[in-house]
Each structure stands twice: as structure tokens, then as C-alpha cells.
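Which chain is which? The protein sequence lines are A and B, in order. Going by UniProt numbering, the first sequence opens with residue 1, and the numbers climb by one from there. Going by UniProt numbering, the second sequence opens with residue 1, and the numbers climb by one from there.
Bear in mind the hints are in silico, worked out from the structure with no lab data behind them. One or more hints might be untrue.
The list treats identical chains as one, so a pair stands whether inside a single copy or across any two.
Mimicking SDA-like on lysine to any residue, the simulated pairs with C-alpha atoms at most 25 Å apart in a straight line are [stated by the list, open to error]:
#, residue 1, residue 2
1, K320, T8
2, K88, H321
3, K32, T8
4, K164, I265
There are 2 protein chains.
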Amino acid sequence: MFMQNLPTKVRINEVATRDGFQSEALFIPTDKKIEIIDRLSLLGLNKIEVTSFVSPKAIPNLRDAEEVMNSITRNPKVTYVTLVPNEKGAERALATKADEVNLVMSVSESHNLSNMRMSCEQSLAQFIRICELMKGSSTRINASLATSFGCPFEGIIAPERVIKVIHQYIDIGIQSISIADTTGMASPRQVYELCSQVRDIFPALDVTLHLHNTRGMGLANALAGLSAGITQLDASLGGIGGCPYAPGATGNICTEDLVHMLESIGLDTGVDLTTLLVMARELPELLEHDISGQVAKAGLRTETRPLSQSVIDLKARIEKH
Amino acid sequence: MFMQNLPTKVRINEVATRDGFQSEALFIPTDKKIEIIDRLSLLGLNKIEVTSFVSPKAIPNLRDAEEVMNSITRNPKVTYVTLVPNEKGAERALATKADEVNLVMSVSESHNLSNMRMSCEQSLAQFIRICELMKGSSTRINASLATSFGCPFEGIIAPERVIKVIHQYIDIGIQSISIADTTGMASPRQVYELCSQVRDIFPALDVTLHLHNTRGMGLANALAGLSAGITQLDASLGGIGGCPYAPGATGNICTEDLVHMLESIGLDTGVDLTTLLVMARELPELLEHDISGQVAKAGLRTETRPLSQSVIDLKARIEKH
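Start from the sequences and build out the full structure, keeping to the hints where you can.
Next up, the structure:
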């Protein structure tokens, strides 16, 4: 039965300041980033993916990664994550005492070559060195499986390929993963089937589902994942972010739209939706473009408005007769 | 289990030229409307809601309703629908030999007063007169239940209120209905629960689900409805349309995004998605604004691109070592 196996509690990880800001054309001022992260820290989110320790040449908007990480006010209830693409990034993350590093490799070799400029073999070898480097630190390691459902070069990805990579991750000691629909190609059936398999084969694994709304199926896919036993979702304030390979397409699933939907079906996210909406509504001015999030525009589904005076008058006239 | 009870075949009704065009600021030239309907007629759609026989003062964009209905080339496989708000409209629809008229009443009294300028009692009395008027004609009658899930004035609508109205419809001889989420307030749980009840209580009733994507849940709601036994969905090319009460919010669920999702999970719609996409991509120029449909921007999820030369070179270098 539809929605029969939904979890009662869902953890939400906010990725706007990393996956969102990285693809923005305008530089977002460092103090603005810090302010946004500090405000997000108070909203009941599980993790905040703060920034990425990449080359400033590759992603100029995140060139202030150290300053942001060192200046935010940490809430002990929140896990502060940074993306690290290589050992250099891992060292930088360690120096800023990130709670967690997020490593990324694509299930698709072609996408990994395009995105990381490495073969998957090279990525895995690097993961081993990063795990070595992190030993003894209190920083958690999460590893993402980009293009887990589809790759813009190789097409739809079979679940066996994802399962194989998860085995490779586990073999090198990784116990926390994100299954990512990097370019928004997943269908609800794919999400349900892959997530069910992952829950069955790796019951102890800490699994996050990272979805994009590129083809409008983001929230349907979120429901599919939750029905398959997933309890942790990445999402982005305002739905910002996206893949440079799909111009005009929207980015990550939108945090406030996701929380709004989950609450509408009675799931507990612990997230302060009212303040999320306030923050989402500030984004168009900051980013100088519209956002794809829809609840910020339409308002909560439970919001009502008073009847206009002409309707009240009409009603009175009808009742009189 | 998620998606266990999905139908294998789903009928899609296109409403862009009525629910979409009615809220457009620019007048869409009559010959353009006719051309669009004629092209839509060849795509495997179940119904096309062509126009609305309303007062031209109320909806100037549909002031050419007669001319459009009389000039389109009918495909006998398609049911050509016109919305009629009153007896006058029904007479106009009959004169143009519409295959079906769509009557509308809101489940919420406040919304009916606002939208139809009538009480629900008055609407029902009018439905009876329209049914009388249609007797002997070959024109089918469908009646919509607007605000079946939520009303912007009264808030969330309880399923019992919808069931009560369906009983009232059946009592006056109506056997075909549309359950409408007029302002996009439905949650997937609400859709699943109401549609399940309707299928259980009225197994012989012809039921369409009419959804809006105002708060981003449109496709999740469509899945919920299909899981509850619904096999007929309204949708709008490009996702155009919407409710004047929710400015900035998107309109109906988008036909091409819906068909794309349904095909991605293996459901047969019989609809020519390739041509739908061609037509959706022409809309921004015609309407002079962007559309909310996302597959038209991002492309099919199965579309792939070749690797760039630099990635091919990189791959060769890696393999050499």
C-alpha cells in the first residue's frame, strides 16, 4: 500500500551553501554565507554541508571555504560537513575541524572522468589515502555515489553497479554513504528498487538519499526512497543548485518544499519550516535570480485568506432569499 | 508496497488550452489555438479540454470559444471537452457539438461563492437544469469537484465532504467526475486516502484526478492517485495554468513531465512524448513567459551526450599508464 512503510522521523541535510552556491554566477559575500549557515544551524537540520575544499580556480564561489568554516557558530546538534575532492581537500577539512567530510565518486566512469578528472580506480585509491589521513581524527567520513541512477554520458545506471561500488566503499572502511541522483535522472521506481536493495543488503549502513528535481520527479522520488526505508535526505534551500550539464533545469530538491510535503503526510522532520520559508524568500535578492522552490511563492497549504467583501455580501444576499 | 497497485494504462486529458490559456495575460490568436489543438489531437491524448463557454468579460482569452470549437479537426479517438459554468454555456457547448461538457462546483461553499458567484445549492440546481437540457444529445456530462483537498478560504477539506458531493452528483444522474486540487493544496496522503475511498464507494464511477503543482507535490500526488486506483489524469502542456489566487505559483501538473514520469516507471500512456516536448518548447515564445515544465528544459532522462574531447584524451592517458 502506498506510503505504508514510511518512517515516522526523517533527517534533513541542508546542502544549499555547498551544492547550491557552487554553481552561482555571482560571488556570495563571505559574511553572508556565514550568516546563512548560522541561521540554518538553529532550524533543526541534521547536517549542513557548509562548503567544498576544492580549488578556487575550479569553483570560485567557494574560495572562502576556510574562512567560512572557521567563522560559523557551531550548534553541537548539527553535523557540519565539507565536500573534499582529494587529499589536499581532506587536509584543509581536518584543519578546520569539519565534523564530517563528504568524498565523491561517480558510479559512472565517464562522469567521474568528466567531473573529478580521475578514473574510478584512481578515486578509490585516493579514498584509501584520505581514510588513512583521517585516522585518529574525530571527523566522520561519508562517501557519495554520484550518478547512482543515471549518467548524462552513459544513460540509466543499473542497480548492480551501485551495489558493487558500495561494496568497494565498505571494503575500504566507509560506513556512511550518499546515493546521489546527480543530474536528476532517477524515476520513482528506480529509487524504490535501488534503495530497497541497499537497505536489504547493507542494513547497518548509514544511507542518505541525495536527489535533484531536474525533471520534476524530485519529491515523488523522495517519497519512493522513504517508502524503501531511507530516513535521511539531502535538500537545498530554495531548490538552488543544479548541474552545469543541464542548463535551465532546477537543482536539488527544495528543502522547504520537501519539509512541507513530509509534514503534510504526517512525518516528523524536526525542521522549523516557518523560518526556512523566510530564508528561502530572501534568496532571489541575494542571488539575483528567481528560485525554483514553490512553497516560498505559494505559501503553506494550510494558509487561508479571508473572503472578499463582495463575496460576503453575495452570501448574505443568497441566504436572505 | 510502494507502486504495487499501479494501473498498467493511464489516460491523459490535456487541459492547457482551457485551464492554461484562461489565465494568460496575452490573447492567444484563434488560429494558433486551433493549430495547437489540432496538433494535440494526434498525440494519443484521451481528452482535450478545448475551451470554456464563459462570459468573454470574465475570461477574455476564451472569447473565441465557438470559433475554436467549430474550426478544429476532430480525431474520433479524442473526446473534445468544453467547460460550461451555466445553462447558457451548456447551450453554446451543445451548439458546437462538444463531445463532453465539464460542469464545475467547489466542494467548499466559500470557493464556489468566490469562483462561480453561486451557493453550492444554486450550482446543483443549475446542474439539474443542464442535465435536463442535455437529454437526448450525445454530449457526455462530467462534473468537477473543485477544491476537493483544500480551499484557500476554508483550509483543508475533509474527505467526507467530497464523498457527500459525489453522492449529490450521482443523485442527479452524473456518472463521470473530476476530483480537483484546484489550488494545489493536496498532500500525497490526502490524495491516496480520498481516491481510495472514492474507488471503494463508487466502483462504477468514471473518475479523473485533476492536480496542480502549486506546492511542488503534483507528480507525487499523481503517483498517490494512481496507487489508489485512479487511471485518468488531467494535465497541462508546459504546466501552464494556475489559479489567480496564488500569484507566482505554478499551474496544472505538466503533461510532458507527467508522461515522462509515468513512462519512466513503466506505465503506458499511449502519448507521443517526443512531439509533446516539441510543442512545450514552443510555448515560451507564444506566451512570452517561461513555462514551469522541466523535461522541456532538461531533456529526457534517457538522453545522453558524448564525452568531450578533453575527457576522451584524459581517459586514454589514464589507460596508457
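Each hint tested on the structure:
1. Taking CA atoms no more than 25 Å apart as the test, K320 paired with T8 passes in neither setting, with 49 Å inside one copy and 52 Å between copies.
2. When the C-alpha separation of K88 and H321 is checked against a cutoff of 25 Å, the pair qualifies only between copies, where the shortest distance is 23 Å, while the shortest distance within a copy is 80 Å.
3. Proximity of K32 to T8 under the C-alpha cut-off of 25 Å is found in neither arrangement, the shortest distances being 34 Å within a copy and 50 Å between copies.
4. Proximity of K164 and I265 under a CA criterion of 25 Å is satisfied inter-copy only: 23 Å between copies versus 34 Å inside one chain copy.
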